[in-house]
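2 protein chains.
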Amino acid sequence: MPEKHFNLLKTSSGARAGELYTPHGTVPTPVFMPVGSQATVKTLTPREIKDIGFNMVLANTYHLYLRPGIDVIEKMGGLHRFMAWDSAVLTDSGGYQVFSLAPLCKITDEGVTFRSHIDGSEHFLTPELAVKYQESLGADIMMVLDECTAYGDSQEKVRRAMDRTHRWAERCLKTQKRKDQALYAIVQGGMFPELRRQSVEYLTALNFPGYAIGGLSVGEPKETTFAMVEETSALLPVEKPRYLMGVGSPEDIVEAVARGIDIFDSALPTRVARNGALFTGKGRINIRKATYRRMEKPLDPDCDCYTCRTFSTAYLSHLFRSDELLGLRLATVHNLRFIANLMGKIRNSILEGTFDAFREDFLSSYQTTNEQVRVEQKGRWLRSSRRR
Amino acid sequence: MPEKHFNLLKTSSGARAGELYTPHGTVPTPVFMPVGSQATVKTLTPREIKDIGFNMVLANTYHLYLRPGIDVIEKMGGLHRFMAWDSAVLTDSGGYQVFSLAPLCKITDEGVTFRSHIDGSEHFLTPELAVKYQESLGADIMMVLDECTAYGDSQEKVRRAMDRTHRWAERCLKTQKRKDQALYAIVQGGMFPELRRQSVEYLTALNFPGYAIGGLSVGEPKETTFAMVEETSALLPVEKPRYLMGVGSPEDIVEAVARGIDIFDSALPTRVARNGALFTGKGRINIRKATYRRMEKPLDPDCDCYTCRTFSTAYLSHLFRSDELLGLRLATVHNLRFIANLMGKIRNSILEGTFDAFREDFLSSYQTTNEQVRVEQKGRWLRSSRRR
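The listed protein sequences derive, respectively, from chains P and E. Going by the working numbering, the first sequence opens with residue 9, and the numbers climb by one from there. Going by the working numbering, the second sequence opens with residue 9, and the numbers climb by one from there.
Worth flagging that the hints you see were computed from the coordinates, not collected in a lab. A couple of the hints might just be wrong.
Unchecked claim - Residues from chain P shown here face chain E by an in silico Cβ test under 7 Å; the list is partial:
(1) Q46
(2) T48
(3) R75
(4) F132
(5) Y210
(6) L244
(7) P245
(8) R279
(9) T318
(10) F319
(11) A322
(12) S330
(13) E332
(14) L333
(15) L334
(16) S373
To be verified - Taking lysine-lysine pairs in the BS3-like style, the calculated list, with each CA pair at most 27 Å apart, reads:
(17) P:K297 / E:K50
(18) P:K58 / E:K83
(19) E:K230 / E:K290
(20) E:K290 / P:K305
(21) E:K297 / E:K58
(22) P:K50 / E:K230
(23) E:K297 / P:K83
(24) E:K165 / E:K83
(25) E:K58 / P:K305
(26) P:K305 / E:K248
(27) P:K50 / P:K18
(28) P:K297 / P:K50
(29) P:K185 / P:K230
In this text, a Cβ means the ideal position worked out from N, Cα and C, and glycines have one as well.
Next up, chain P with everything else stripped away, as it sits in the complex:
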């Protein structure tokens, strides 16, 4: 880890602007990470991701361990070289995927036995292995292995999982060899404020360089999500970065920034793009709707992305109606650029001390119509079953 991993520059009504320092460059915060589970942000080249305005992406240890294998990526010179990405990478530990994607076999204090969702083969993952794999991948930020619980689990069950997560976090810290990588802890505790408090207390005593809030956006009402974020965030040390895992719709990002979150990841912007749901200043639209078939103007005339600068809405509509792969690309470019622009505007408003006004302004114009809700619910369902 570099001398200093995070610098908080400015606070505005609870929202924070700062900088993360990584072996692959400085990352301005609040930051959103596009998701590249399999060492690729779906449909895009690394050059495009950079051009769109991102300096950090997320990759998944679980996926890469199963395919192509950690050893293959190590042989290719690490994850950055493998995917030709020279900016920062954060890797998830694999914990969440083991609990959500893979048929789970057994969990003990030692670790977790699971079956591959690809070929059914049996594998064993421990906190020590999770760190070892992430060191081999060469992630700039690594995550501890944690035990995940579901929405609706009893307090006793959530407490036991949390306690194990704490013991595992300690083992991760202890086994870490490379010191240029930042290892983040994950606060658990479900929807129980008292457990969240205990989790923060335990983990902050271990002095991690960063803290994630896990176990949210798993099916609970949105008010509960944000109540938990607010509760937990307020307890975390001011000088450490805070990462809300798996949250990434425009409106949720704004709300979470207001509660002191610095780092986000989510497959939502890219996944809903491939479903034809596109972000605009007035909310999401569904490009498959008949109304867009003959629209000459760009999808979002205020947008500066390649898609909006180059093509009519009618062309984008045609590509989706014709199942053309270029449509998925152009939609992904647009949604990611929308998020990149949003993060820039959020950060500027914090630095200028006007975040509250920005938030109010954004949320009042970014509306969710019925049409959009249908698309969103599909996304939400996927998200709750796939990402914490």
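Since the structure of chain P is already known, use the hints to place chain E on it.
Below, chain E alone, put in the same frame as chain P:
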């Protein structure tokens, strides 16, 4: 049509180097056109197609008529603006697709009634409408409507279709309004040299600015294809461009150039790319083979495409094994760049008068192993069922 549409610059052992003049720029020949049936070369942006080295693409009137509709494209300012492509476009008349893709209803001298392969709706296409649609699209080069026959059809059947094709060609010429577009005739006559001769005689008397050879690569042995190409090509006027429809494997292009062909189109390079079959100087390889899983060097170390300059073979292998869309893109970029480079080398060798040596050299190193044949056969099957 510009004053002069084609200029033959040099001939070398039967191979021809020249230039096509179109309202959207000069196109050096021999030229290969990537196929963008639905107003998009699958997976790529127009900027990429240009960067890879192409100045002309093919689009299909049949597909665009059904979706999004000729009127939509006209409203968007024509095909060039619709797909954001400012170089040349050749449109197929829709004849071949009507005979190969759509459930055919009835063919009379007046025209052809067919059902949409998308929704089963009934449509009527005439030579006059085919030209009208292509004029509305704004193609630089248009094709006449022709009647296609299958391999194995009797000489009598082929003759009747050819005679109708001739009458239709005449009607196309007569109905043409815009004079900036070049309208090409299509020589038919199946595998019968005498019919091919008659077809050339009839159509050249009408003095079209260019001539296509249709009805080949429909399932006949390759020797037959090239015998027919040789036979027909020799009869065509030296000063007019010759277009061999639906041929585009590297080895077939070289063989056809040797027989005096100037223009090619084929979905093969892009389609086999998406199947994982990639061109190299030594022949095609199948990226899904286990041997590529850990290969650090680029797919083709001699290749200057974005894919080979940026990624290891192992990464490309990983993308295909993980069903990642980026794999389809990177493979398409590579195969098209291979073809663009091939066309450049062919043209230079003709201009230098060394085409024969180039041809011998290329064909002796570009070998088809068993592995490649399997992929090719799949492609060939698709091609014979989809493109003439």
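Violations among the numbered hints:
4, 5, 6, 7, 8, 16, 18, 20, 21, 22, 24, 26, 27, 29
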